[in-house]
Amino acid sequence: MNDRQRGLIDNLARRNISAFYCNNAQGVQKKVLELIPVGASVGFSGSKTIQELNLIEILKNQGVEVFDQYGLGVDKEEGMRLRQLGIGADYYLTSVNAVTWAGELVFLSAFGHRSAGIANAKNLIIMCGINKITDDLNTALSRAREYVAPLNCKRLNWHSVCLDKGICQEDVCFPPQYKRMCCQTLIIEAEMNPGRVKFILCQESLGI
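Per the numbering used here, the sequence shown runs over residues 1 to 208.
Calculated directly from the structure, the hints in this document are not laboratory data.
Cβ coordinates follow ideal geometry from the N, Cα and C atoms, glycine included.
Heads up, a few of these hints could be off.
Unchecked claim - Restraint ranges, calculated between C-beta atoms of paired labels, are given here: (1) N2 with C183: 33 to 39 Å; (2) D75 with H159: 17 to 23 Å; (3) E78 with D10: 30 to 36 Å; (4) V172 with M192: 34 to 40 Å; (5) V172 with D3: 40 to 46 Å; (6) C183 with N24: 32 to 38 Å; (7) G73 with P175: 26 to 32 Å; (8) M192 with N24: 28 to 34 Å; (9) M192 with W101: 18 to 24 Å; (10) L35 with G73: 35 to 41 Å.
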């Protein structure tokens, strides 16, 4: 960990966010398993990082109850029900779309379940690769909207303006014509409840 990364860890601590550092993806997996006890329930947001880490299958195999909205045979209605249950789970897993060196965290959400889980979960675990660190809040918001959202729309084949045009056009990207990825933007600047939010910084790139 270099001095600037150490500074990010310190800045998160100042914001009442418990931060951990891992050298690689395997270290992130291990830390998540350390934080979540067997028998706990877990909700999670859609996340390329969580997918890359294979955390859902690992947790299921560890005896953790996972409200998996993406499970085999889960239809749209059941998926929405599982998202609601996930918000109230013992732990909620997510990745961040961008984080500033000062420790500000930026998240996008389409349906709002992700925002609700991040804001209200009993215990929140956030995973972040070094590729998501930005210089300031404006750059973080730009990264989320202009880089992450178009790539996620392409990955999930969402019919949005940024999928069609390749660039963000928030002034015209509205339902029902478009399936907008960034309906809600959540910024965490600090946390009131000690120990509720855990942030895991990985030395490797993770997700988008």
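Results for each hint:
1. N2 with C183: 33 to 39 Å: 36 Å, holds
2. D75 with H159: 17 to 23 Å: 20 Å, holds
3. E78 with D10: 30 to 36 Å: 43 Å, violated
4. V172 with M192: 34 to 40 Å: 37 Å, holds
5. V172 with D3: 40 to 46 Å: 43 Å, holds
6. C183 with N24: 32 to 38 Å: 34 Å, holds
7. G73 with P175: 26 to 32 Å: 27 Å, holds
8. M192 with N24: 28 to 34 Å: 32 Å, holds
9. M192 with W101: 18 to 24 Å: 23 Å, holds
10. L35 with G73: 35 to 41 Å: Given range 35 to 41 Å: violated, Cβ gap about 29 Å.
In the structure shown, a violation is registered for the earlier hints numbered 3, 10, in ascending order.
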